[in-house]
Amino acid sequence: MLTLSVATFRERWQLFTGAIITVMLGVAIVQSSLLIISSAGRYGEAVAVLGLALGVSVFLAIFVVSATFAFTIAQRRRDLALLRLIGASRRQVRRLLLAEALLLGIVGTILGVPAGQIALGMQTALLTDLGFLPHSFHAAWHGWVLWVSIGIGIGVSEAGVLAASRQAASVRPLEALGETGAAGRMMTGGRWRIGVMLTVLAVILMTTATAVDHPDAAIPLSINATVALGLGLTALSPVLVPLLSRLGGSLAGNSSVSRLARGNLRDGVRRSTSIAAPLLILVALLIGLAGTFYSLSAGARDQLAADLHGDLMAAGPVAPGSSGVAAASTEYALSIRATTTTNYAGDPGTDTNEVEALAVDPAAYQQAHRVPLLAGSYGDLHGHTVAAAGGTLGASVQIRVGGQDLSTRVVAVLPPNLNGGPEYLLPHDIVPVAALGPARAIVRLKPGTDPTAVASTLPQPVLPLEDWIAQDDGAQDTLNAGVMKVVLGMAAIYAAIGVINAIVIAAGERRREFAIARLSGYSRGQVVAGALLESTIVTGAGLLLGSLAAVATLIGISGVAGTLVIPWGIVWRTVPAAFLVVGATSVWTTLAATRSAPIALVGARE
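Okay, so the sequence shown: first residue is 1 according to the numbering used here, each after it adds one.
There may be inaccurate statements among the hints.
[What the hints assert, rightly or not] Estimated spans, in silico, between C-beta atoms of each pair: (1) 196 to 162: 18 to 26 Å; (2) 138 to 44: 12 to 20 Å; (3) 41 to 216: 18 to 26 Å; (4) 591 to 477: 39 to 47 Å; (5) 309 to 438: 18 to 26 Å; (6) 352 to 193: 24 to 32 Å.
In case anyone wonders, no lab produced these hints; they're calculated from the structure. Heads up, the beta-carbon is just placed ideally off N, CA and C, and yes, glycines get one too.
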C-alpha cells in the first residue's frame, strides 16, 4: 500500500497542499513555542500565552487535516470503490489512507523544521513587543525539539486522518459503477450520535461552569464547552448548514443568479459543509476566548471597585498618622515559593509553586478591603500565619521568601481573584526587609480634607482610587489584546487555510458543473456571480453557527465573572474578513474553472 500511496500522493498533490501547509505551520509553531518556553521559565506570562497557543495550534491542525482528508475522500470515492472492486479489503483501504497521512506528515515536518526558525524569530519579536519577554531574551536551541517536531508532524497527520480512513473503509465496491445514495450521504448514524453527544456535553460543561465560584475551574470548563459545541455543530453541519443556506438563499431574491446559487447549495452539501466548518471553529474560538478574557477583565474591575475602600492610591508606604489621612493600608508586593500538601486519590504529596503575595498590616488591610473572607479572620493573621486564596483553613504551607524558609498556617481564606491577584497575604513583620517589593498604599482621607493637598505629601505618583482602578483595567485590556494577537491571529491563519483549501479542492470537480450551467444559457459572469453568492451564504451560515458555539463560553464564564462581555471589536473585524477571504477565493477559483470552452468540458470524460 505504501507504493500506491506514493503514486496517489504524487498524482493528487494538489489535494494535499492545504494539509501540508497546515502540518508545516503546526510543526513550526510547536517547535518555536517549545524552544521559547524552555528558555523563558522566569517569564510566566509568556509561558502561559505560548501554552495556550500550543493547545490551539495542535487542535486546529488536526481539525484542518481531518477536514481536508474527509473532503478529498468524497472526491476519490469512486477510486476507492474501484480498489474494493478489484479485491482490496477495508483494512487495506485504511492502510492506504494512513500511509498517505504518513507521507503528508513527513513532507510537512521537513518543511516545518526550518520554518520553525522563522516562526521562532517572529514569536520572540511579537512577545517582546507586547512586553511578555525582555528585549535581551534569546531562545536556546535544543536537539530534542527535532524529535518532538517529527512526532507532532506525523502525529497530527495520522490523528487527522483516523476518522476519514474509517469513512473510506466504508465505501462499497458497487459505488465504482455509478453514483449511489450512499455516496452522497453524509449524516450517518455515527455522525448523528457524535454530534448529539458533543452538544449535550457542551451544555453540561456550560451549566457546570456557571455554578463554580473560582476562575481556575470556570475558564477551562467554559472553553471546553465551546470546543465541544463547536465540534458537535460541525458534526451536525450537513443538516444545519443546508438549512441555514436555504434560509439565506430565500432572502437573495428570485433572479437567475439566485436560482443558480440555490441549486448549487442544494446539490453541494458536502462542499458547503467543508467551507463552513473552519469558519465555525474559528468564530467559536475567537469570540469564545476573547469574550472570556474581556468578561473576566470587566468582572475584575467590578470586583476591585467593590473591594477597595479609600480615596487615593499612593505608589509607596504611607503612615496612618500622616496629615489628612484617616487610614492607610501599605501593601508590599512579594514573590514567594509556596509548598502545600496534596492528596490525589489517596496518594499524599506536595505541590510547589512560585506565586505572588502581599506583605500587609492585617488591621489596616481589613479597613481598606471590603470583600469578606470566605473563612477565618484577619485578627488571627499574626506570627507565622497566612491568608490564602482558595486555601483550606488550618492547612500548613511551607513558604520560602527572601532566602528564608517559614512554616506557616492558613488562618484566613481569601475569595478568588479574577485578575490574578495575590495568592497569599503575609504579616509584614515576618517578611525580611530585603524581600519586600514595590509598595502601594490605599489611603482614606479625613472628612473635609483637600485631596490635592494631601496627595502632594504622599509618595508619587498618586492617583484617585477610581483612576487607579481604570488604569489597572486598561493594563489588563492591553494584556488581553496581546494574547489575542498571539493566539487568535494564529487561529485565523489556520481557518483561512482550511477555507481556501476547501474552495480550491471543490473547484476541481466543478468545471463540468459550471460548463453545463453556461451551456444552459448562463453567461460566465452569471456563473461567477452565482458561485460568489453561494459562498457568501455558506460563509454566513458558518459564522452564525460559530457564534452559537461561542455562546457556551460566554454563558459559562459569566457565572464567575458576574458579567458577560461580547467582544464586538473582534466580531466586526472577523465577519468582513471572512466574507472577503471566502468571496475572493470563490471568484478566483470560478474564473479559473470557467476559462476553457464549456463544450470541451461537457464532452470530456470524468
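Structure-based check of each hint:
1. The given range of 18 to 26 Å is respected by residue 196 and residue 162, whose C-beta atoms sit roughly 21 Å from each other.
2. For the pair residue 138 and residue 44, the supplied restraint of 12 to 20 Å holds, since their beta-carbon distance comes to about 18 Å.
3. For residue 41 and residue 216, the Cβ-Cβ distance of about 21 Å falls inside the hinted range of 18 to 26 Å, so the restraint holds.
4. For the hinted restraint 39 to 47 Å between residue 591 and residue 477, the CB-CB distance of approximately 43 Å keeps it satisfied.
5. Separation of residue 309 from residue 438 is about 21 Å and conforms to the stated range, judged on CB atoms against 18 to 26 Å.
6. Taking 24 to 32 Å as the suggested C-beta distance range, the pair residue 352 and residue 193 does not conform, at roughly 44 Å.
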